[in-house]
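Engineer: Model the full assembly from the supplied sequences, consistent with the hints where possible.
full-length UniProt numbering applies: residue 1 is where the sequence shown begins, and numbers increase by one.
For the record, the hints were derived by calculation from the structure and aren't laboratory data. A few of these clues could be false.
As the list claims (entries may be wrong) - Below are the SDA-like pairs computed for lysine to any residue, each with C-alpha atoms no more than 25 angstroms apart in a straight line:
hint	residue 1	residue 2
1	K14	V96
2	K171	I161
3	K171	E91
4	K14	T93
5	K14	G158
6	K94	V109
7	K14	A159
8	K94	W197
9	K14	F95
10	K14	N201
11	K94	F191
12	K171	V24
13	K171	F104
14	K14	Y73
15	K94	H181
16	K94	M149
17	K94	E162
18	K171	L32
19	K14	F191
20	K94	L1
21	K14	V24
22	K94	W157
23	K171	R92
24	K94	V24
25	K14	S88
26	K94	L156
27	K14	A29
28	K171	L185
29	K94	A159
30	K14	M149
31	K94	L185
32	K94	A13
33	K94	R12
34	K14	I166
35	K94	F104
36	K94	R165
37	K171	V109
To be verified - Okay, the calculated beta carbon distance ranges per label pair:
hint	residue 1	residue 2	range
38	L1	H148	14 to 22 angstroms
39	R165	S129	46 to 54 angstroms
40	L21	A175	27 to 35 angstroms
The beta-carbon is built from N, C-alpha and C at its ideal position, and this holds for glycine as well.
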Amino acid sequence: LGFAMLCAGSVRAKNTMNIMLTNVLDAAAGGLFYYLFGYAFAFGESSNGFIGRHNFGLRDFPTLTLDYSFFLYQWAFAIAAAGITSGSIAERTKFVAYLIYSSFLTGFVYPVVSHWFWSPDGWASPFRSEDRLFGTGAIDFAGSGVVHMVGGIAGLWGALIEGPRIGRFEKDGGAITLRGHSASLVVLGTFLLWFGWFGFNPGSFTKILVTYDSGSNYGQWSGIGRTAV
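Structural biologist: The structure is reproduced here in structure tokens:
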């Protein structure tokens, strides 16, 4: 919702419906493809450290160590990566084209990258039992590389391929300012994202505490609060 409000306020009024629908697609279609394929690619067991190949459609799920809350948490990361890109290609992408992109990113691209770093079988994961990258593996606590870098690179390529928006430049090359139509939506979206991250990022901290079942609830809440701050 925060991404939708932020992007909707940043575009011209005529494109508001399109940008809102693309963010709905991220959650709906992206969620469907992450359920069918993405989660299996991300956290299914693998033999080569590149891509998972079990639990398609959440088959044989939940397990003793992973439950549906973990799936929903990882789904939120997947659609966040897709949402980052929506602003980079706003006002120049057809609805069907965005549907294909969002499904591919959340169903394949993002899951493969997250498998590398966050799955115990990933080739760059710090959770590997042996042969860790650089001796320790690549530690990405809350997704600065796995989520934001994937979304940012996808957005960069989209912007480079599609080029500037129609009407962005004059015939002689002079730039034309295309202002967003609603500062209120931009501010609302910013605050929704801001406060949403307070609950989002501490989810990474709770996985650290799984091993420490004897830890008090106060200690868990204290750690989550510190992570949010």
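Engineer: Hint by hint, note whether the structure agrees.
Structural biologist: Hint check results:
A distance of roughly 18 angstroms separates the Cα atoms of K14 and V96; the hinted pair therefore holds under the 25 angstroms criterion. Note on K171 and I161: the hinted pairing holds, with a Cα-Cα distance of about 20 angstroms set against a maximum of 25 angstroms. Restraint check for K171 and E91: satisfied, since their Cα atoms lie roughly 20 angstroms apart, inside the 25 angstroms limit. Only pairs whose Cα atoms come within 25 angstroms are accepted, and K14 paired with T93 is accepted, the gap being roughly 14 angstroms.
Annotation: proposed proximity of K14 to G158 holds, straight-line Cα distance about 21 angstroms (limit 25 angstroms). This hinted pair checks out: K94 and V109 have alpha carbons roughly 21 angstroms apart, not beyond 25 angstroms. Of the pairs offered as hints, the one joining K14 and A159 holds, with about 20 angstroms between alpha carbons and a cut-off of 25 angstroms not exceeded. For the hint linking K94 to W197, the alpha-carbon distance of about 30 angstroms lies beyond 25 angstroms, and the restraint is violated.
Between K14 and F95 the alpha-carbon distance is near 14 angstroms, which keeps this suggested pair within the 25 angstroms criterion. For the hint linking K14 to N201, the alpha-carbon distance of about 34 angstroms lies beyond 25 angstroms, and the restraint is violated. With a CA separation close to 28 angstroms, the supplied pair K94 and F191 exceeds the 25 angstroms bound. Taking the CA atoms of K171 and V24, the gap is near 36 angstroms; set against the 25 angstroms cutoff, the hint is violated.
Between K171 and F104 the alpha-carbon distance is near 36 angstroms, which puts this suggested pair outside the 25 angstroms criterion. With a C-alpha separation of about 33 angstroms, the suggested pair K14 and Y73 falls outside the 25 angstroms cut-off, and the hint is violated. With a C-alpha separation of about 20 angstroms, the suggested pair K94 and H181 falls inside the 25 angstroms cut-off, and the hint holds. Between K94 and M149 the CA atoms are separated by roughly 24 angstroms; this keeps the pair inside 25 angstroms, and the hint holds.
Note on K94 and E162: the hinted pairing holds, with a Cα-Cα distance of about 11 angstroms set against a maximum of 25 angstroms. Restraint check for K171 and L32: not satisfied, since their Cα atoms lie roughly 43 angstroms apart, outside the 25 angstroms limit. Between the alpha carbons of K14 and F191 the distance comes to roughly 24 angstroms, so the proposed pair stays at or under 25 angstroms and holds. Between K94 and L1 the alpha-carbon distance is near 21 angstroms, which keeps this suggested pair within the 25 angstroms criterion.
Between K14 and V24 the CA atoms are separated by roughly 18 angstroms; this keeps the pair inside 25 angstroms, and the hint holds. A distance of roughly 16 angstroms separates the Cα atoms of K94 and W157; the hinted pair therefore holds under the 25 angstroms criterion. For the given pair, K171 sits about 19 angstroms from R92 by alpha-carbon distance, which is consistent with the 25 angstroms threshold. With a C-alpha separation of about 15 angstroms, the suggested pair K94 and V24 falls inside the 25 angstroms cut-off, and the hint holds.
Distance restraint check for K14 and S88: the Cα-Cα separation of roughly 17 angstroms lies within the 25 angstroms cut-off, and the hinted pair is therefore satisfied. This hinted pair checks out: K94 and L156 have alpha carbons roughly 17 angstroms apart, not beyond 25 angstroms. For the proposed pair K14 and A29, the alpha carbon gap of about 24 angstroms is at most 25 angstroms, so the pair holds. With a C-alpha separation of about 32 angstroms, the suggested pairing of K171 with L185 is violated against the 25 angstroms cut-off.
This hinted pair checks out: K94 and A159 have alpha carbons roughly 14 angstroms apart, not beyond 25 angstroms. Taking the CA atoms of K14 and M149, the gap is about 30 angstroms. The hint is violated against a cut of 25 angstroms. A C-alpha spacing of about 23 angstroms is found between K94 and L185, which places the hinted pair at or below 25 angstroms, so the restraint holds. Restraint check: the Cα-Cα separation between K94 and A13 comes to about 17 angstroms, which is no more than 25 angstroms; the hinted pair holds.
Between K94 and R12 the alpha-carbon distance is near 16 angstroms, which keeps this suggested pair within the 25 angstroms criterion. At most 25 angstroms may separate the alpha-carbon atoms for a hinted pair to count; K14 and I166 meet this at roughly 13 angstroms. Note on K94 and F104: the hinted pairing holds, with a Cα-Cα distance of about 16 angstroms set against a maximum of 25 angstroms. A hinted pair counts as satisfied when its Cα atoms are at most 25 angstroms apart, and K94 with R165 qualifies at roughly 13 angstroms.
For the proposed pair K171 and V109, the alpha carbon gap of about 38 angstroms is over 25 angstroms, so the pair is violated. L1 and H148 have their C-beta atoms about 19 angstroms apart, which keeps the hinted 14 to 22 angstroms range intact. In this structure the supplied range 46 to 54 angstroms holds for R165 paired with S129, their Cβ-Cβ distance being about 50 angstroms. Evaluation of the 27 to 35 angstroms hint for L21 and A175 yields a pass: the beta carbon distance comes to about 28 angstroms.
In terms of the numbered hints stated before, the structure departs from hints 8, 10, 11, 12, 13, 14, 18, 28, 30 and 37, listed from lowest to highest.
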